[in-house]
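S.K.: Generate coordinates for the entire structure from the input sequences, incorporating the hints supplied.
Chains as they are written, first to last, in this note's numbering: chain A, 1 to 484; chain B, 1 to 430.
Please keep in mind that the hints were generated in silico from the structure rather than gathered at the bench. Positions of the beta carbon are idealized from the N, C-alpha and C atoms, including for glycine.
Stretches of chain B that chain A covers, calculated by requiring three or more beta carbons in the stretch to come under 8 Å of a beta carbon on chain A: (1) 90-99; (2) 102-108; (3) 116-122; (4) 138-147; (5) 152-160; (6) 218-230.
Sample of chain A residues lacking proximity to chain B, with all beta carbon distances greater than 10 Å (derived): (7) S97; (8) D125; (9) R227; (10) M253; (11) V276; (12) D302; (13) E320; (14) V325; (15) E362; (16) E375; (17) D419.
Covered stretches of chain A (in silico footprint by chain B; criterion: 3 or more residues with CB under 8 Å from a CB of chain B, positions within the stretch not fixed): (18) 281-293; (19) 307-317; (20) 388-399; (21) 403-416; (22) 434-445; (23) 471-479.
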Amino acid sequence: MTDNLYDVVVIGAGVSGCAIARELSRLDARVCVVEREEDVCCGTSKANSAIVHAGFDAQPGTLMARLNVEGNRLMYEWATELEFAVMQVGSLVVCVSEDTRAGLDVLLERGKENGVPDLRIIERDELREMEPNISDDAVAALWAPTGGIVDPFGLTVALAENAAANGVEFCFNAPVSEIERDGDIWVVTAGERHLRARAVVNAAGVYADEMHNLVATPDDQLRIIPRKGEYFLLDTTAGPHVRHTVFMLPTKMGKGVLVSPTVHGNLIVGPTATDVDDKESTDTTAEGLAEVATKSSLTVRDVPLREVITSFAGLRAHQEAHDFVIGEVSGAPRFFDCAAIESPGLTSAPAIGVMVAGLVREGLDLEEKPAGEFEPTRKGYVNLMALSFDEWSELCEKDAAYGHIVCRCCRVSEAQIVDAIHRVPSARSLDAVKRRVGATMGRCQGGFCSPKIMELFVRESGMRPEEITKRGPGSQILIEEGRA
Amino acid sequence: MESRDIVIIGGGPAGLAAAIAAHEAGCTDVLVLERDVQLGGILNQCIHNGFGLHTFKEELTGPEYAARYVDRARELGIECRLGTMVVELTPEHVVWTVSPDRGVHAISAKAVILAMGCRERPRGALNIPGFRPAGIFSAGTAQRLVNIEGEMPGREVVILGSGDIGLIMARRMTLEGAHVACVAELMPYSGGLKRNIVQCLDDYGIPLLLSHTVTRVEGINRVEAVWVAEVDESLRPIAGTEVRYPCDTLLLSVGLLPENELSRDAGVELSPVTRGPVVDDALQTSVEGVFACGNVLHVHDLVDYVSQEAAAAGRAAARYVANSSSEAESQTEGTREDERCLSVVAEGGVRYTVPSTVYPARMDEKLLVRFRVDNVYRDRFVSVYVGNKRVWHRKRRVMAPGEMEDVSLKRADLEAAVGATTIRVTLEEE
Ligand SMILES: Cc1cc2nc3c(=O)[nH]c(=O)nc-3n(C[C@H](O)[C@H](O)[C@H](O)COP(=O)(O)OP(=O)(O)OC[C@H]3O[C@@H](n4cnc5c(N)ncnc54)[C@H](O)[C@@H]3O)c2cc1C
Ligand SMILES: Cc1cc2nc3c(=O)[nH]c(=O)nc-3n(C[C@H](O)[C@H](O)[C@H](O)COP(=O)(O)OP(=O)(O)OC[C@H]3O[C@@H](n4cnc5c(N)ncnc54)[C@H](O)[C@@H]3O)c2cc1C
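M.R.: What follows is the structure in structure tokens.
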């Protein structure tokens, strides 16, 4: 059955899987991404700090250090090519007590060794000038101008759309449960489907250990420990409270939380770090949120916590050695791990994509597509917030649906939502629309626009209202049997 | 640029009443801008009756009440632009609108009336720990789904918050065949009208759990259960009192927030208490020529008061337009800065007042000052002092945060108190 034979099956449509797929789509290869959820970016990639790390954190010589710095550089390039939102706001690691100041020098040296450009230590006065709401305790900071913030959904969707445009197939609601060998071919059981592949890439996030352990020898088992991080997201009125990403230099009392603007203009505060047993436990806890609230004041004054619009939690795919695990699994030819992608995995994604695609290419001896057959660019979604009234007016002349605002908080029109519903991979739930165009993400959290988006789903994709979900099967918004 | 005497933002009961009153006061160049495809605002989804008892002396449904104003506006020939959303208001009264038929379009107005209503406080603001599954709705969203779209959001329901919409939805969901397990309220008193507690909960045997809150939401995809616990005096959950309610739906009725994004961008000063504009006796905001009324100004419980207040704003805006035209010719009237102004101070259990400043020289013969109290009070006197002189002193059997109160000020009293700079509204034991 050649129909079912792929060159590469990528497991997981998080930012790693999608970056890999996008880089593989440069090659003359048949590629399929299988994902157990209903959409891309449903795992860790959707719930993190969204920081483009400069690269001074990771230990020199590690894969993490190399891919972070390389990913940081590529991120800004790819943002232009693929039109997702990134802002190079720079980051500060703030030292709040004289006796830990030496820690800044350690970071500075480490950063230099990792090849992070333009790092510098700044003193109290300059710091205060740059960041007026910085805590009175702040004594100095490490300034990293290459740090930034990114839209993690926008990034992942952009990678997936570009991959799809270049021929990559996506298969959703397809949890991989078995991986077996049939001669030279891997047979991947994903939901009802059996996919045959010459090579497999394991980018399954917190579940990458389970995938690995299906094919690895008993003495080469992987263990991923989910490490929960909880956050508050504050209204856009609080967004300008800080101008840069503000980290805290750890003290004897422990690690602080970061305070940062987001590309959507909100303020993010978090995360905590708690090891958990359950890989599904992306729930927030009373203790976790209380910790974020307390720690928010360590580096920044008067964080306006009454402006919180939502809270959320994400799971880091932590592994004991604390480095990315990338490479062919021994004894499992052409099965490539892309595992333990904990922070700074989002930043590193572009570099991870390039590296893993390179390994696969070598392993399968693949060729690049003939010149002109790979389309490196992708059109982003319209962002009305970023347009002048004149530009918006022009759009309305082309398509009146740009004049119909559906989400009032984030200024999203009917036209953008219809666009999201019809692109590939398409948005098929309220959360999928949110990830693509931001609707429901604002201060009313969908109270106003959810019913209107549901109407658009009915109109555009012929769904019945009862079929519409928040986030895939089982999360129907309405009750099926209709009214009593 | 299109130019208008009065532009009204919002075509709910406030916007409509303001438009009609302005027109009746002689300003006929009035334009109402409404983002929805119909007029009437929130009333369109309030299909229960109980509206209009004060204004029309009969019990109307929300749409019926709205229809009276829509019809009157039509009779007067007031232009209402539907499907038209205002996206920006400048301090110079330029109103930027967006609509499918006109695209992006600017209008310059002599006076602007803010009548954008309010929105519901979302779940995030509460920080309820747990997952974020489907099945959590603000009560107003559920009301819209049930009453306008004809859809059913759930079968087994817990409601957090006893604001009026939550109470009304408890009854609505019950009538639609759902089971409402309880209404949990954080405070030791309800935020809703007494009338609604009786007619929407008591009559259906739905328990109201005062001093309770939701401490956890279970369910990854759809709500499976919520945990409700009692709270102590500092509103913290008491360990060991948690009860698990299996359910598929959690409705939130935890407060309304005036929708003032446009006002803020126009430089209008907002009150941290009401989150609405700070206004004077003419309902004029800190920006000259910009007036506010209805739920955008402060959250009302009765639409009759919204209509009354909005009519006052409409008349004041018409007067402002008339004055600014005659001023251009004769330079007679000065600005507010030149005049004696008293500030209204809320004290002793009074949370806020509307208005918060009064210009005796401009005010009507009599002025209604509306306020809310911060707790449940029994057998207290409402007193008003102009300077040191008490001008109002009336006993009220019960006052609660859920119900709006008012006192009436006479211009004569303010004029008599020559040196006074404040008007204090306060509660007293005797
Ligand atoms: C709290 C926190 C903060 C962070 N902050 C940052 C930051 O600021 N900057 C930064 O650079 N990085 C940050 N990270 C790290 C970053 O978010 C991750 O490294 C990155 O998102 C990992 O992407 P991924 O694609 O590898 O994993 P995921 O996004 O988890 O994707 C894995 C995908 O595989 C799917 N899957 C799993 N099992 C199966 C199966 N059996 N079959 C099919 N599909 C399957 C999942 O559904 C999921 O979609 C943070 C992480 C956390 C948790
Ligand atoms: C669920 C519920 C139940 C109620 N029950 C009762 C009751 O039983 N009895 C009673 O007397 N009262 C009741 N009320 C109160 C009454 O309905 C409200 O007080 C009244 O609707 C407020 O009128 P408004 O015009 O200020 O606001 P709204 O009715 O909210 O109208 C505001 C209008 O402005 C429009 N708008 C907002 N922003 C823009 C913009 N940028 N551009 C264009 N248009 C905009 C909105 O679309 C809306 O139509 C209830 C209210 C609610 C919410």
